[in-house]
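Kindly produce the complete structure, drawing on both the sequences and the hints.
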Amino acid sequence: MSLQVKELWSMILDSIGDWTRKYYSENITPELDGKEVTLFGWVQEIRDLGGIRFIILQDREGTIQVTIPRKKVSPEVLSKSEALQKRYSIGVKGIIKKTIMTPRGVEVIPNQIKILGGATAQLPIDITGNTPANIDVRLDSRALDLCIEPNTTIFKIQHHALEAIRSFLFERGFLEVHTPRIIASASEGGSALFNVDYFGRKAFLAQSPQLYKEQLVMSLEKVFEVGPFFRAEESHTRRHLSEFVSIDIEQAFADAKVVMHLLEQLMQHTCKIVKETCAKELATLNHEIVVPNLPFKRLTYDEVLNDLKEEGITLPWGDDIPTQAFRTLGRIHPYFYYITEWPTESKVFYIKPRTDKPEICEGFDLMWGWMELVSGGTRIAKKELLVKRLRENGLNQESFKYHLEAFDYGMPPHAGWAIGLERLTMMLTGRKNIREVTLYPRDRFRLTP
RNA sequence: GCCCUGGUAGUAUAGUCCGGUCUAGUAUAAGCGGCUGUCGCCCGCUCGACCCGGGUUCAAAUCCCGGCCAGGGCGCCA
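Per this note's numbering, numbering of the first sequence is gapless, rising by one per residue and ending at 449.
Certain hints may be false.
Unchecked claim - Straight-line Cα separation of at most 35 Å, DSBU-like style, residue types lysine-lysine; simulated pairs:
1. Lys71 x Lys22
2. Lys275 x Lys297
3. Lys202 x Lys382
4. Lys383 x Lys297
5. Lys114 x Lys98
6. Lys280 x Lys309
7. Lys35 x Lys275
8. Lys309 x Lys297
9. Lys222 x Lys257
10. Lys388 x Lys401
11. Lys383 x Lys202
12. Lys222 x Lys22
13. Lys222 x Lys156
14. Lys86 x Lys22
15. Lys309 x Lys388
16. Lys432 x Lys86
17. Lys357 x Lys297
18. Lys22 x Lys93
19. Lys86 x Lys97
What the hints assert, rightly or not - Pairwise CB distance ranges (calculated):
20. Asp356 x Glu176: 31 to 41 Å
21. Pro322 x Thr29: 46 to 56 Å
22. Glu243 x Gly430: 17 to 27 Å
23. Gly430 x Glu384: 27 to 37 Å
24. Gly117 x Thr300: 53 to 63 Å
Calculated from the structure, these hints are not laboratory results.
We put the CB at the ideal spot given by N, CA and C, even for glycine.
Okay, here's the thing in structure tokens:
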């Protein structure tokens with residue numbers, strides 16, 4: 001087939017007409033032998049042996065072989081099949097045929113082929129997976145990159161994890177809420193904010209729903225939110241993004257112990273559900289999920305310092321733990337573990353100091369090896385204490401005016417946590433770069449696509 | 001922001017240490033031709049690259065300087 005004719009085909013596209021799809025590729029089984037089926041998808045591969053041509057049709061759920069024996073199909077089917085190229089979007093109506101010639105035991109012999117979308121011949125990345133592209137090249141052509149099976153698989157797993165998390169929280173009486181992404185005050189904490197021009201006023205992108213979810217426990221009692229947040233940090237690591245998705249909960253009449261128990265149950269549940277529902281996807285990624293036993297190991301901050309000391313890393317009491325030390329810690333404790341009893345000064349202002357020992361707080365981190373997956377704690381519910389902690393952290397009380405006011409109207413004791421969804425996905429898929437588990441990652445250097 | 005490493009066809013790499021048959025190798029993709037059971041199809045032919053700028057030198061993909069970009073690490077990170 002000449003180049004000109006191929007170009008013509010890619011310009012004159014068929015209409016979808018009244019074709020509808022009942023079966024995805026993976027639903028085509030040998031038991032359906034003899035049935036007519038309508039398939040939609042993309043040309044993943046063409047193997048032309050001369051007298052017989054094999055088209056691998058890919059859709060969201062997998063692939064199916066469309067077989068075109070030259071002498072047994074209509075001239076229309078033959079010429080359409082000759083015009084096909086990789087990534088063309090097509091419709092195929094044909095007869096399902098049981099066969100011993102394919103690994104799946106089934107193939108489709110087309111009666112009609114529709115070309116529904118064209119594609120350039122030389123694709124920017126190799127979609128067969130023979131020559132894998134580097135992450136930077138992949139992200140530049142992300143729409144195409146996501147057509148490669150293992151890459152999509154990550155987001156199927158993420159979807160099922162999120163579904164498991166939502167239903168777990170719904171069952172326990174949590175209400176899903178939505179708090180503002182555009183906020184007025186820059187003074188919530190330490191990390192840097194993105195500026196927004198809000199009708200001429202200075203505004204910022206939210207870095208957390210923290211203050212809002214705390215206010216909501218006064219009315220809705222148990223809330224959660226799943227949504228993106230923004231941090232203008234200079235971080236350039238495999239586990240940081242400028243825009244990330246946080247799964248936040250906050251619960252009234254609860255303390256750290258209660259929400260830690262909830263969290264470990266949620267983690268176990270999520271691992272279990274994903275392991276069960278995504279067996280195929282996990283096999284594609286060559287990754288195994290170990291469903292954790294409960295309760296999770298609980299290490300105090302002091303125990304962590306001791307562990308590190310035995311490894312030759314001595315840290316002064318009161319400091320946060322540097323990355324290098326976390327990596328060492330991750331080697332000693334490779335799975336889930338909590339770090340509790342942090343020094344109050346190492347945690348953010350709204351974490352409640354212990355009544356008996358104010359230098360230690362009721363904050364906790366859930367670790368996965370060396371990576372911080374979740375952080376949370378009991379919150380300060382008493383206004384005077386919160387004001388004191390704000391002052392100690394050098395924060396401007398005036399910019400917390402509205403938040404502090406809420407504490408005059410019956411703030412209950414409460415606690416909560418926040419999971420980094422992308423980090424959770426890294427854990428569930430065994431990927432080592434957060435950008436791989438983000439559809440369109442935003443980091444210090446990448447703003448497109 | 002700092003440190004390290006790197007930038008060679010559409011993609012992935014070899015070559016760079018120690019400048020010279022490098023007229024830049026290989027795989028894959030793409031183009032053309034052939035093939036009736038492929039499934040990383042196969043066979044033949046073809047196309048296609050040294051990040052940008054400056055310098056050293058008889059000679060630069062290779063050495064030096066500057067820039068841009070990327071990867072990794074650190075710091076930062078409620």
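Results of checking the hints against the structure:
1. Between Lys71 and Lys22 the CA atoms are separated by roughly 29 Å; this keeps the pair inside 35 Å, and the hint holds.
2. Taking the CA atoms of Lys275 and Lys297, the gap is about 22 Å. The hint holds against a cut of 35 Å.
3. Proposed proximity of Lys202 and Lys382 is supported: the alpha carbons are some 30 Å apart, at most 35 Å.
4. Among the hinted pairs, Lys383 with Lys297 is consistent with the structure: their alpha-carbon atoms are about 33 Å apart, no more than 35 Å.
5. The straight-line distance between the Cα atoms of Lys114 and Lys98 is roughly 23 Å, inside the 35 Å bound, and the hint therefore holds.
6. Proposed proximity of Lys280 and Lys309 is contradicted: the alpha carbons are some 43 Å apart, above 35 Å.
7. Note on Lys35 and Lys275: the hinted pairing holds, with a Cα-Cα distance of about 33 Å set against a maximum of 35 Å.
8. This hinted pair checks out: Lys309 and Lys297 have alpha carbons roughly 19 Å apart, not beyond 35 Å.
9. Taking the CA atoms of Lys222 and Lys257, the gap is near 16 Å; set against the 35 Å cutoff, the hint holds.
10. Of the pairs offered as hints, the one joining Lys388 and Lys401 holds, with about 14 Å between alpha carbons and a cut-off of 35 Å not exceeded.
11. Between Lys383 and Lys202 the CA atoms are separated by roughly 27 Å; this keeps the pair inside 35 Å, and the hint holds.
12. Straight-line distance between C-alpha atoms of Lys222 and Lys22 comes to about 41 Å, which puts the hinted pair past the 35 Å bound.
13. The hinted pair formed by Lys222 and Lys156 meets the criterion: a straight-line CA distance of about 28 Å does not exceed 35 Å.
14. Among the hinted pairs, Lys86 with Lys22 is consistent with the structure: their alpha-carbon atoms are about 24 Å apart, no more than 35 Å.
15. In summary, the hint linking Lys309 to Lys388 is supported, as the alpha carbons are separated by about 34 Å, within the 35 Å threshold.
16. The straight-line distance between the Cα atoms of Lys432 and Lys86 is roughly 30 Å, inside the 35 Å bound, and the hint therefore holds.
17. A distance of roughly 23 Å separates the Cα atoms of Lys357 and Lys297; the hinted pair therefore holds under the 35 Å criterion.
18. Proximity of Lys22 to Lys93 is assessed by CA-CA distance (about 11 Å); at most 35 Å being required, the pair is judged to hold.
19. Restraint check: the Cα-Cα separation between Lys86 and Lys97 comes to about 24 Å, which is no more than 35 Å; the hinted pair holds.
20. Range check, Asp356 to Glu176: about 36 Å between beta-carbon atoms, so the 31 to 41 Å window is met.
21. Range check, Pro322 to Thr29: about 54 Å between beta-carbon atoms, so the 46 to 56 Å window is met.
22. Between Glu243 and Gly430 the C-beta distance comes to about 23 Å, which sits within the given range of 17 to 27 Å.
23. Checked against the given bound of 27 to 37 Å, the beta carbons of Gly430 and Glu384, roughly 47 Å apart, lie outside it.
24. The given range of 53 to 63 Å is respected by Gly117 and Thr300, whose C-beta atoms sit roughly 58 Å from each other.
Violated hints for the displayed structure, listed by number in ascending order: 6, 12, 23.
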